[in-house]
Amino acid sequence: MSMSETVALTAPQMRRIAAIDALRTPAYALGATMAGFATIAREAGFDVWMAVTTSALVWGMPGQVVFASLYSAGASLFIIFVAVTLANMRMLLMVVSAADMMHLHMHKLPLWRRIILMQCLAITSWAHLAVAETIYPRHLLLPYFQGFSLTLFASGMLGPVFGYFLPDMVPPDLLQIIIFITPIYIFLLITTARQKANRLAVALGGILCPVFFPLAGEWSIFLAGVVGGTLAIGYARYIAKWHLEERL
Amino acid sequence: MDDYGFWGSWLAVGLAAFGTFIWRLAGVLLASKIPAQSPVMDWVNTMAYAMVAGVLMLMLVHPTGILAASGLDDRLLGLVTGVGAMMLTKRIIPSLLCGILMFAASLHLF
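First to last, the sequence lines map onto chains F and B.
For the first sequence, my numbering gives the first residue as 1, with consecutive numbering after it.
For the second sequence, my numbering gives the first residue as 1, with consecutive numbering after it.
Okay, chain B solo, but in the shape it has when bound (with noise of 0.2 Å):
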C-alpha cells in the first residue's frame, strides 16, 4: 500500500485540496461577474442543480466502499420509497425514515 512515502502521501492529500481549491477560487471570482436574477444565473442554478442530482445518483447505483455491498435494487427501493413519501408527505425527516427503512428491510428480507 505505501507506494507513495510519506511525502508523496501528503503530496498527493496537498494535490487533491488543490483540485478543488481551484473551482472554489474560480467560483467566488465568476460569482461577483454575473447578475443576479439574470437568464445567466438561472442557467448555472439548473446546472448546479442537475450536477448535485447526478452525484447523488452516482453514489446509489455506482457506489464505492461499503454501500457497493448492498444490492442496486435495495437502493434503489430506499430511494423510490423515500421520494414517493416526499411526494406525498412534503416533510422531510418522515420521508427519509421510509426511505431509510425500506433499504433496511430490503437489505434483510429480500
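With the rest of the complex left out, here is chain F (with noise of 0.2 Å):
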C-alpha cells in the first residue's frame, strides 16, 4: 500500500490491520518466547497461575526471567524487587521513544489511559510500531499499536498456559528451536530501523551486553544501553555528521 491510500484508513481498520499484521509471526513468537518463561518458572517452584499473572503484569521478559531465578534461589522479596525493578529499566526509554514514534501528544488522551497502554508495551510491539512509523500516516500509529499490542498480549497469555504443561509433551529439542525465535525474530526486525544512527546503536549495544555481563550483571542492560547509544548519537551527530532523517 502506498502511503496516499493508507492515509484514507479508519482507526478501526488500522486496528484490523495491526492485529493481521501481529497474527503474521510475531503473536506467536511471543507466545513460544512466553511458554518458554512458563518452563523456567514452573523449574523455579511457580503455580500456572502465578507464571501466567506474572506474564501480565510484569510484561516484559529480562524482569520475569531474573523474577523466577532469584525466585527459585529463595532469595528476600527486597532483593526480588531491586532486580526486577533494575533488568526492566529499560522500558523507561522504549515507553519514551513508542510515545514519540506514535506521536501520542497529538491525541490528547488522559494520564491513565497513556498508562494503560504502554503497560502494553512490549519489544516486539515498540520494535514493529518503528516499522509501522515507516508505512502508516502519524495519526494511525496509535491505532496500530492498540491492534498489535492487544493481539500481541492474547497471545502471551496463551503462551505461558500452553508453556506450563508442555515440557510434559514436546521433546526439549523442539522446544529450544521454538525458544529461540523470538530474540532472533526481533534482531532481525531492529536492524531494519530506518535512521543509520538506531542501527549503529543496535550494533554497539548488542556487542557491548555480553561484554558486560560478567563483571555489571544486571546492570549490562542499561550500561550496554546508555554507552552504545550515547557512542552511536555521538557518532552519527558528531563525527560522521549523518542527517538524522536519513533513510536507507
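In case anyone wonders, no lab produced these hints; they're calculated from the structure.
Covered by chain F, according to a simulated footprint, are these stretches of chain B (three or more residues, beta-carbon under 8 Å):
1. 3 to 11
2. 25 to 36
3. 44 to 51
4. 55 to 67
5. 73 to 84
6. 88 to 102
Each pair of labels, with its calculated beta carbon distance range:
7. W7(B) - A8(F): 51 to 59 Å
8. K90(B) - D47(F): 39 to 47 Å
9. Y238(F) - H62(B): 31 to 39 Å
10. S38(B) - L111(F): 19 to 27 Å
11. D3(B) - T6(F): 50 to 58 Å
12. A8(F) - I93(B): 24 to 32 Å
13. R113(F) - I22(B): 15 to 23 Å
14. G8(B) - T134(F): 46 to 54 Å
15. L97(B) - P172(F): 19 to 27 Å
16. P94(B) - A8(F): 27 to 35 Å
17. G217(F) - I34(B): 23 to 31 Å
Computed from a predicted model, the values in this text were never measured in an experiment.
Glycine residues also receive a C-beta, built at the ideal position from the N, C-alpha and C atoms.
Join the two chains, each given in its own frame, into one complex according to the hints.
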C-alpha cells in the first residue's frame, strides 16, 4: 500500500490490519517466548497462575526471568524487587520512544489511558511500531499500536499456559528451537531501523551487553544502552554528521 | 521450593509487577516533557535501540532455562545466518527461517 492509500484508512481498519500483522509471526513468537518463561517458572516453583499473572503484569521478559531465577534461589522479597526493577529499566526509554513514534501528544489522551497503553508495550510491539512508522501516516500509529499490542497480549497470555504443561509433551530440542525464534526475530526487525544512528546503536548495544554482563550482571543492559546509545548518537551527529532523517 | 508461602509468593509477583510499572509510569510522564524531533529524543531512541539489542544478545549469549542447554556456537551461528540473510534479501520471514533452520541443523549435526 502506498502512503496515499493508507491515509484514507479509519482507526478500526488500522487496528484490524495491525492485529493481522501481529498474527503473521510476532504473536506466535512471543507466545513461544512466554511459554519458555513458563518452563523456567515451573522449575522455579511457580504454580500456573503465578506464571500467567507474572507474564500479564510484568510483561517484560528479562525482569520475568530474573524474578523466576531469584525465586527459585529463595532470595528475599527486597532483592527480587530491586533486581526485577533493574532488569526492566529499559522500559523507561522504550515508553518515551514509543510515545514519540506514535505521536501520542497529538491524541491528548488522559494520563490513565496513556498508562494502560504503555502497560501493553513490549519489545516486539515497540520494534513493530518502528516499522509501521515508515508505512502509515502518523495519526494511525496509535490505532496500529492498539491492534498490534492487544493481539500480542492475548497470545502472551496463552503462551505461559501452554508452556507450563508443554515440557510434558514436546521434546526439549524442539522447545529450544521454538524459544530461539523471538530473540532472532526481534533482532532482525531492529536491524532494519530507518535511521543509521539507530542501526549503529543496535550493533554497539548488542556487542557491549554480553561483554559487560560478567562484570555488571543486571546492570549490563542499562550500561550497554547508555554507552552504546550515546556512542551511536555522538558518532552520527558529530563525526559522520549523518542527517538524522536520512533513510537508507 | 515453597520458601515464601502463599502470601509471600503473591507479594513477590506484586513487587515484580510494581518494579516494572515504575518505569512505564516514569516513561509516560517523561514522554510529555521531551519535545519530538529534538536531539534529546534522538538520543533516547539510540539508547532504547542499544538496550533492546543488549537484551536480545544477552538472551542469546547467556540464556536461562531450556535454551541454555544448546551450545553458544549453535545460537551464534543461527544469529549470524539470520542477519546475513537479512542483509542480502531485506526480507524478514525468509531470513528468520534461515536463522532458525541453521540453529536447528547446528544443534543436531555438529
